[in-house]
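Chemist: Chain residues, written in single-letter form:
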Amino acid sequence: MRATGNGALPTPMGGQLLSLLNAFLEFLGNLGLFALRAARRAFLPPFEWRMICQQIDEMGWRSLPIILSSGFAVGLVLTLHTRSTLIRFGAESYIPTVQSLSFFSDIGPLVVGLLIAGRVGAGIGAQLAGMRVNEEIDAIESFSIDSFKLLVVPRILACIMALPLLTVFMDVAGLAGGFLAERISSHISLHLYLNRAFSEVGWGTFIPPTLKTAVFGFIIALVSSWYGYTAKDGSVGVGRAATNSVVTSSLLIIIADVILVKAIFFLFPGSAV
Amino acid sequence: MSGKLVADIAFDKVSKGFNGRDVLSDVSFEIGAGEVLCVMGRSGMGKSVTLKLIIGLLAPESGNISIKGRNIIGMDEDGLSQTRRQMGFLFQSGALFSPVSLGDNLALPLSRFTKKSKEEIDALVETRLGDVGLGKDRYKMPAELSGGMSKRAGLARALVLDPCILLADEPTSGLDRVTASEIDDLLLKLKEKNKTTMVIVTHDIREARLLGDLLAVLDQGRFVAVGRIQELETSENELVRALVSEEGCHAR
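In order, the protein sequences belong to chains G and X. Going by the numbering used here, the first residue of the first sequence is number 79, and it counts up by one from there. Going by the numbering used here, the first residue of the second sequence is number 47, and it counts up by one from there.
Everything labelled a hint here was simulated from the structure, so no lab data went into it. Here the structure is a predicted model, which means the values were calculated and not measured. Hints are supplied without guarantee of correctness; some may be wrong.
Each computed SDA-like pair below joins lysine to any residue, with the alpha-carbon atoms no more than 20 Å apart [said to hold, decoys possible]:
1. X:Lys162 / G:Ile223
2. X:Lys161 / G:Ile223
3. G:Lys310 / X:Lys161
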């Protein structure tokens with residue numbers, strides 16, 4: 079045990095904090111090595127196109143119902159809340175603009191990231207952990223087939239590709255929900271709603287935030303694959319992998335969002351509206 | 047064991063442990079080409095670990111493992127890959143690759159490691175599944191199969207590349223007598239016609255008597271007895287006698 083600055087030994091709580099920090103750094107190191115391994119394997123043949131398509135179907139197409147329904151609901155609720163605030167300042171004509179800007183710049187990407195972390199992250203973690211526990215990964219390796227390349231790389235690539243596409247659907251559904259709320263409240267026409275919604279939206283407001291979800295996809299698939307691929311302890315390990323996948327990837331998505339928003343403001347000053 | 051110049055499988059003072067517990071300690075044995083070694087012992091004594099060490103899924107803490115005269119310890123990825131292609135592994139649960147169909151489970155190694163056309167692969171998959179009585183189930187997903195079917199499918203997959211060494215982890219455990227004897231017949235055919243070298247982990251002395259040239263009893267990380275079954279019946283070791291006798295088998 080190391081002495082602290084004033085010569086005293088760390089308190090039990092200090093020791094726990096140190097070991098937590100140690101475990102966190104070890105986790106980040108392992109995750110980094112895992113990511114490097116994935117990056118290296120992604121560019122080496124054979125390319126697992128079939129598995130990639132299967133995963134895009136699983137992560138993208140099958141996530142569409144939850145994305146569309148959530149987007150619609152969030153859009154509707156957001157408009158109701160915004161309306162009650164803006165109406166006090168006589169600025170209700172800005173509701174579609176506020177709606178589209180908030181959805182395109184952060185709400186859409188972030189909600190997609192968190193929803194997919196829950197649906198897909200848990201799925202990847204549990205699926206890979208199940209394969210590890212049932213010796214499926216050993217069986218693949220026994221044929222000298224690279225299990226990492228067959229199972230992990232396609233999931234990461236599919237998740238990177240699927241999230242920006244799902245974000246577009248989330249944005250559209252959010253606008254649809256917002257329009258419905260506005261239509262009921264103020265009988266606004268679709269044409270006028272869209273005109274106002276897109277009046278302040280440029281490519282810089284839409285493209286970078288949408289593409290940042292590729293980073294969220296990378297985080298979700300990487301973290302979940304790591305927990306699943308390295309799972310131990312039978313069915314308990316499967317449950318643990320699923321839970322840890324969701325919790326850790328959600329946390330890292332929120333941290334990454336803060337960093338990426340700052341980076342986007344720096345690289346695309348026009349998007350900082 | 048065999049006394050042949052180059053053994054198909056040779057362990058030289060191999061040790062392996064997990065979490066500070068020794069599972070195998072200084073284990074040495076040799077199996078000649080075409081020989082069948084049956085491994086028996088109580089659960090958790092390292093029988094499955096022995097199979098995984100042979101195919102290189104686990105690395106020993108010390109000692110050497112040679113397959114057809116080549117030491118696989120420290121071998122590069124290509125060398126290990128070539129060595130593994132000479133072996134087939136039947137896992138205890140079948141361990142079929144769950145995201146793809148039964149047919150694709152067999153087609154996967156064929157499409158990776160042979161230059162066969164799609165039609166040839168399809169035909170071979172059909173034949174292999176037919177051999178284990180699953181000819182009509184090639185489009186089923188692994189989750190749709192019963193335990194016995196999974197095990198038979200696992201055997202078909204283990205044999206799909208025509209390996210000269212077969213490692214089987216309890217090939218008939220949990221199966222009904224009819225299915226178990228069908229699998230035993232298939233293994234016997236492999237032994238007699240193809241002269242396949244086999245290491246079979248089993249708890250069934252009848253299976254060991256039918257298939258095994260040699261029987262090894264693993265206990266406390268060591269082979270406490272290795273030899274022909276008839277020789278082991280008179281062993282001084284009580285565990286060996288209990289495992290080898292039919293009565294012991296029934297009593298369990």
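Chemist: When the structure is checked against the list of hints, which entries are broken? Sort them ascending.
Modeler: As far as the earlier hints go, only 3 is violated by this structure.
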